[in-house]
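Residue-level listing of the chains:
Number of protein chains: 2
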Amino acid sequence: MGAELLRLSHRKERDKRLTTHIFLSCRILGIYNIYYTGDKDEKLEKNINKVEKNWGKCLNVQHIKKPLKLIEEKKKEGYTIVHLTMYGIPYKQKINEIKKLKNILIIIGSEKVPSEIYKLSDYNISIGNQPHSELTALVILSYELNNCKLKECSVKSLYRIIPQEKGKKVVRNDK
Amino acid sequence: MGAELLRLSHRKERDKRLTTHIFLSCRILGIYNIYYTGDKDEKLEKNINKVEKNWGKCLNVQHIKKPLKLIEEKKKEGYTIVHLTMYGIPYKQKINEIKKLKNILIIIGSEKVPSEIYKLSDYNISIGNQPHSELTALVILSYELNNCKLKECSVKSLYRIIPQEKGKKVVRNDK
Numbered sequence: 001m002g003a004e005l006l007r008l009s010h011r012k013e014r015d016k017r018l019t020t021h022i023f024l025s026c027r028i029l030g031i032y033n034i035y036y037t038g039d040k041d042e043k044l045e046k047n048i049n050k051v052e053k054n055w056g057k058c059l060n061v062q063h064i065k066k067p068l069k070l071i072e073e074k075k076k077e078g079y080t081i082v083h084l085t086m087y088g089i090p091y092k093q094k095i096n097e098i099k100k101l102k103n104i105l106i107i108i109g110s111e112k113v114p115s116e117i118y119k120l121s122d123y124n125i126s127i128g129n130q131p132h133s134e135l136t137a138l139v140i141l142s143y144e145l146n147n148c149k150l151k152e153c154s155v156k157s158l159y160r161i162i163p164q165e166k167g168k169k170v171v172r173n174d175k
Numbered sequence: 001m002g003a004e005l006l007r008l009s010h011r012k013e014r015d016k017r018l019t020t021h022i023f024l025s026c027r028i029l030g031i032y033n034i035y036y037t038g039d040k041d042e043k044l045e046k047n048i049n050k051v052e053k054n055w056g057k058c059l060n061v062q063h064i065k066k067p068l069k070l071i072e073e074k075k076k077e078g079y080t081i082v083h084l085t086m087y088g089i090p091y092k093q094k095i096n097e098i099k100k101l102k103n104i105l106i107i108i109g110s111e112k113v114p115s116e117i118y119k120l121s122d123y124n125i126s127i128g129n130q131p132h133s134e135l136t137a138l139v140i141l142s143y144e145l146n147n148c149k150l151k152e153c154s155v156k157s158l159y160r161i162i163p164q165e166k167g168k169k170v171v172r173n174d175k
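One line per chain: the protein sequences are S and G, in this order. The first sequence: position 164 = 164 (my numbering), numbered continuously. The second sequence: position 86 = 86 (my numbering), numbered continuously.
Honestly, the hints are just simulated from the structure, not real lab data. There may be inaccurate statements among the hints.
Because identical chains share one entry, a pair is satisfied inside a single copy or across any pair of copies.
Think about it this way: if two alpha-carbon atoms lie no more than 27 Å apart in a straight line, the pair counts; the simulated DSS-like pairs of lysine-lysine are [to be verified]: (1) 149 to 175; (2) 100 to 50; (3) 166 to 94; (4) 169 to 92; (5) 66 to 12; (6) 75 to 99; (7) 92 to 168.
None of the values given here were measured: they were computed from a predicted structure.
Kindly produce the complete structure, drawing on both the sequences and the hints.
Shown next, in the form of structure tokens:
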């Protein structure tokens, strides 16, 4: 199972921190190809690159202008489209079906998601049928797809944490 | 197992969206008592109340000024303190121990967390030893504590979603 992410309608001011958290979280969830629409955000991309310079390069983040075109292309390539929305079918009813798929494109929105996305998606899936967070939905779906395990980016990195009972310990891998 | 949350150092401008997402996510994770420090944020509290007016009142959100005092009080009441930090011990090594506890206070930070928090915490736990998101860490820990299930707020609410394969359906419970 390979999973990619499409983050819709990023707004530079309003969403900068949340989108950063979403993209960084992908590094521990095994989602390395990320597309986003809305505002092209150089600062966001720079921040992600900065983190990856220290902690290993796993992500491929691309700003795109036409999400519907991307969805259609991905479908042609054999991807199944899984849109996360609180209006969708509870994930426990569909997770085993989704786990069997080869490649999926997960879509998460920001503000109002256009109705075309609901129509074009193969699955509209809910992680709780009440307001919560697109990041929470993404985390739970990916965690379930990985059989309740993380899937951490583990390429060569400049820094590494040595886990501690108390306090912090970071070492450089090149020293 | 009862879990409460302490969110440290909320900054009104910078964290407003993220903290909102954290608090709302607590509604589907079974964490209903929430304390936060940093800026007292009336607008944030109002937004949460507005959501809960429509979707059911589960949360009890309190701004506090002295986190160390809260931690000490909770300890006296028999709570175990679990601080989530990327510097801590990987959760898989400790989750079974933590699951056996009666009551825990989960601490998540924002910017730099003071070293006293590391010292006062009974557990410093990491969800991935690399930068990600305090929301992601909270979601994974809570989900594990609930045996890979959600624990949704299910009190009487004004609205209710009827899950759909495509599109949205919301009904009022009083009609």
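Hints, verified against the model:
1. 149 to 175: neither (31 Å within a copy, 43 Å between copies)
2. 100 to 50: The answer is neither: 35 Å in one copy and 39 Å across copies each exceed 27 Å.
3. 166 to 94: between (41 Å within a copy, 14 Å between copies)
4. 169 to 92: Classified as between: cross-chain Cα gap 19 Å, same-chain 39 Å, threshold 27 Å.
5. 66 to 12: within (18 Å within a copy, 34 Å between copies)
6. 75 to 99: Classified as within; 17 Å inside a copy, 42 Å across copies.
7. 92 to 168: between (38 Å within a copy, 19 Å between copies)
When the structure is compared with the earlier hints, violations turn up for hints 1, 2 and for no others.
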